[in-house]
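Peer 1: Sequence order for the protein chains is A and B. Numbering that gives the first Met the number 0 numbers the first residue of the first sequence as 0 and each following residue consecutively. Numbering that gives the first Met the number 0 numbers the first residue of the second sequence as 0 and each following residue consecutively.
Be aware that a few hints might be false.
[To be verified] Computed cross-link-like contacts, DSSO-like style, restricted to lysine-lysine with a CA-CA straight-line distance of at most 27 Å:
#1 B/133 x A/265
#2 A/165 x B/102
#3 A/165 x B/268
#4 B/95 x A/165
#5 A/182 x B/197
#6 B/26 x A/182
#7 B/102 x B/86
#8 A/182 x B/86
#9 A/165 x B/257
#10 A/165 x B/142
#11 B/102 x B/142
#12 B/134 x B/208
#13 B/257 x A/182
#14 B/26 x B/101
#15 B/134 x A/159
[Unchecked claim] Pulled a few chain A residues facing chain B out of the computed Cβ check, cut under 10 Å:
#16 26
#17 173
#18 176
#19 259
[Stated by the list, open to error] Here chain A is said to cover these stretches of chain B; the calculated rule only asks that three of the stretch's residues, wherever they fall, bring their Cβ under 8 Å from a Cβ of chain A:
#20 102-110
#21 234-247
Everything labelled a hint here was simulated from the structure, so no lab data went into it. Backbone N, C-alpha and C define an ideal beta-carbon position, used for all residues, glycine too.
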Amino acid sequence: MNTESKKKSSNRLVTFTWIIGIILIWEIGATIIANTKRSPENVLPHLWQIIQSVFNPNFVNGTQTAFQIVISNAGITLLRAGIGFLIGAGIGFILALIMNMFNPVEKTLYPYLMIIQMIPILGMAPIVLAVTKDINKSRIVIAAILTFYPVATNTLAGFKSVEHEKHELMHSLAASQFEIYRKLMIPSSMPYFFTGLKISAPMAITASILVDTLQGGGGLGCMLSQSLKHATTIYIFWQIVFLSALIGIGSFYLMSLIERLVSPYKRAKKAKR
Amino acid sequence: MTSLEKIDNEFQERDYSIQQEAEIEIKIENVSVQFPDNNGGEPVTALQNVNLEIRQGEFISLLGPSGCGKTTLIRAIADLQPITTGKISVRGLSPKEIRLQKKYGIVFQSPVLYDWRTVRRNVCMPMELMGMPKKDRTARVTKMLELVGLMEFGNHYPHELSGGMQQRVGIARALAIRPEILLMDEPFSALDEFTKEKLHEDLLRIWRKTNKTIIFVTHNIQEAVFLSDRVVVLSPHPGRVSAVVDIDIPRPRTLEMKESVEFNALVSKVRNSFEGV
């Protein structure tokens with residue numbers, strides 16, 4: 000218990016040092032830039048100015064405060080990324096399952112999956128929009144495309160990593176193919192599946208924001224590129240930057256949390272260490 | 000009869016007197032196993048012309064150094080390894096038919112536990128495959144954990160247990176479906192000497208209570224002699240049976256018997272029957 004609490008407090012110390020370090024560097028940068036006369040005043044505002052802008056009750060566009068604008072657009076982006084992520088995770092899992100069951104499918108499909116991953120997301124966005132003819136749908140599809148690949152490859156690796164002896168045990172018990180997947184393969188690939196989810200969750204959100212910047216239709220990225228153009232809305236820009244980072248990190252931890260809820264043995268492992 | 004009574008009936012003490020006249024359960028006739036050489040050379044002969052009869056309720060050990068084919072033989076009986084020539088029949092049926100009837104319990108060298116399942120649910124798993132009702136499963140799991148002495152650890156996860164305890168869970172799981180034949184492939188070879196001796200005593204106690212046929216693969220002479228009714232000595236290159244030694248030490252056996260003159264004479268007898276090692 001003692002060493003455990005020591006370890007925890009040292010972890011906290013590391014986090015604390017990091018945060019302090021980032022604040023220091025930011026503030027030094029902001030001060031230097033504020034003092035160079037030529038730059039526009041607000042390019043790199045002080046942190047307290049950004050925090051203040053969050054609580055500023057003045058309307059920016061006549062009906063909403065800066066923070067209200069950010070939050071409502073974050074909702075749009077999150078919803079698209081979230082739906083896309085769920086669809087992508089589902090497709091990724093099913094693809095892994097099919098590829099594992101049928102070897103020829105794996106051999107034919109895998110190169111295509113890799114090619115899809117190679118296409119830059121900014122190049123894919125107009126194509127997807129042309130196909131779906133709908134801003135919302137296209138963003139969802141983009142998020143799904145980015146999600147399914149890490150999920151599929153990791154889950155497939157999980158299926159393949161099941162020990163030979165575990166298969167022999169199922170064989171000796173005359174288990175059916177369905178039972179082997181249900182009782183052995185799927186539960187045993189869960190840590191890999193969640194690794195895939197942890198990689199793709201922040202990616203789905205980042206991609207959603209990125210694609211927003213290209214095409215209109217609201218969302219964080221859309222606001223991001225608009226707000227950058229005017230000195231009066233620069234705080235919206237910085238609020239979005241920070242919020243996006245928080246959402247990305249949050250999505251990762253959300254996946255870890257869900258994993259711990261579905262895999263109680265991992266909790267037991269943690270508690271023991 | 001309720002399910003619990005059925006389980007209790009399973010644990011009637013063994014009567015040693017009948018055992019000698021017990022019927023032949025497994026018949027191995029002229030069995031050879033060859034593995035194709037990957038480099039296109041001559042196939043490797045893992046087993047050559049093995050003949051063996053195993054009686055119902057017998058504790059038989061397959062003993063030999065690595066490469067003697069002892070694991071190949073037990074895997075052939077378990078229908079995990081196809082044989083090249085010869086015939087294996089178990090109660091008049093093929094190993095595959097016996098496997099499909101779920102009459103085999105297998106304990107591997109490593110415990111092969113599912114780390115996402117608790118001890119209880121690991122033991123339960125084969126019964127789920129048999130489609131046994133939940134109530135019966137729970138009762139049987141409790142009984143099995145009692146049998147291997149892990150009652151307090153039912154809700155632990157495998158990684159929280161020691162190696163010896165994990166292997167006990169493996170034994171409980173193998174016995175849970177009430178197999179006719181228990182196949183054990185070097186189950187204790189990864190354990191320390193103290194744990195091993197404890198498990199030897201436990202295994203003999205379980206065997207006495209359950210009246211299973213046990214085929215036990217090992218490379219440890221003392222272990223084979225202490226546990227078995229008969230020790231099948233296999234020699235390598237090519238794998239073949241070089242002797243079958245009857246172990247007539249009285250049962251129930253205790254650890255003190257390992258120091259007896261009788262025991263050590265049998266150990267030397269077994270040791271001397273190896274060929275070409």
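Peer 1: Taking the hints in turn, state whether each one holds.
Peer 2: Evaluated hints:
1. For a cut-off of 27 Å, the pair hint linking residue 133 of chain B to residue 265 of chain A stands: about 26 Å separates their Cα positions.
2. Distance restraint check for residue 165 of chain A and residue 102 of chain B: the Cα-Cα separation of roughly 18 Å lies within the 27 Å cut-off, and the hinted pair is therefore satisfied.
3. With a CA separation close to 37 Å, the supplied pair residue 165 of chain A and residue 268 of chain B exceeds the 27 Å bound.
4. Of the pairs offered as hints, the one joining residue 95 of chain B and residue 165 of chain A holds, with about 18 Å between alpha carbons and a cut-off of 27 Å not exceeded.
5. Between residue 182 of chain A and residue 197 of chain B, the direct Cα distance comes to roughly 32 Å. Violation of the 27 Å bound is thereby established for this hinted pair.
6. A threshold of 27 Å between alpha carbons decides the hint, and for residue 26 of chain B with residue 182 of chain A the separation of about 34 Å lies outside it, so the pair is violated.
7. As the CA atoms of residue 102 of chain B and residue 86 of chain B are separated by approximately 19 Å, the hinted pair is consistent with the 27 Å bound.
8. Taken as a hint, the residue 182 of chain A and residue 86 of chain B pair is broken in the structure, with Cα atoms around 33 Å apart against an allowance of 27 Å.
9. At roughly 35 Å between alpha-carbon atoms, residue 165 of chain A and residue 257 of chain B are farther apart than 27 Å, so this suggested pair is violated.
10. About 24 Å separates the Cα atoms of residue 165 of chain A and residue 142 of chain B, which keeps this hinted pair within 27 Å; it holds.
11. Pair hint residue 102 of chain B plus residue 142 of chain B holds up; C-alpha atoms about 19 Å apart against a cutoff of 27 Å.
12. Restraint check for residue 134 of chain B and residue 208 of chain B: satisfied, since their Cα atoms lie roughly 23 Å apart, inside the 27 Å limit.
13. Straight-line distance between C-alpha atoms of residue 257 of chain B and residue 182 of chain A comes to about 43 Å, which puts the hinted pair past the 27 Å bound.
14. With a C-alpha separation of about 19 Å, the suggested pairing of residue 26 of chain B with residue 101 of chain B holds against the 27 Å cut-off.
15. Restraint check for residue 134 of chain B and residue 159 of chain A: not satisfied, since their Cα atoms lie roughly 34 Å apart, outside the 27 Å limit.
16. The criterion of a C-beta within 10 Å of any C-beta in chain B is not met by residue 26 of chain A, whose closest approach is roughly 46 Å, and the hint is violated.
17. About 5 Å separates the beta-carbon of residue 173 of chain A from the nearest beta-carbon of chain B, less than 10 Å, and the hint is met.
18. Interface hint at residue 176 of chain A: violated, since its Cβ lies 12 Å from the closest Cβ of chain B, which is beyond the 10 Å cut-off.
19. At its closest, the beta carbon of residue 259 of chain A sits 12 Å from a beta carbon of chain B; the interface hint therefore is violated under the 10 Å criterion.
20. With 4 residues carrying a beta carbon less than 8 Å from a beta carbon of chain A, the stretch 102-110 of chain B meets the three-residue requirement, and the given coverage holds.
21. With a cut-off of 8 Å between beta carbons, the stretch 234-247 of chain B has 0 residues touching chain A; three or more are needed, and the interface restraint is violated.
Checked against the numbered hints listed earlier, the structure breaks hints 3, 5, 6, 8, 9, 13, 15, 16, 18, 19 and 21; every other hint is satisfied.
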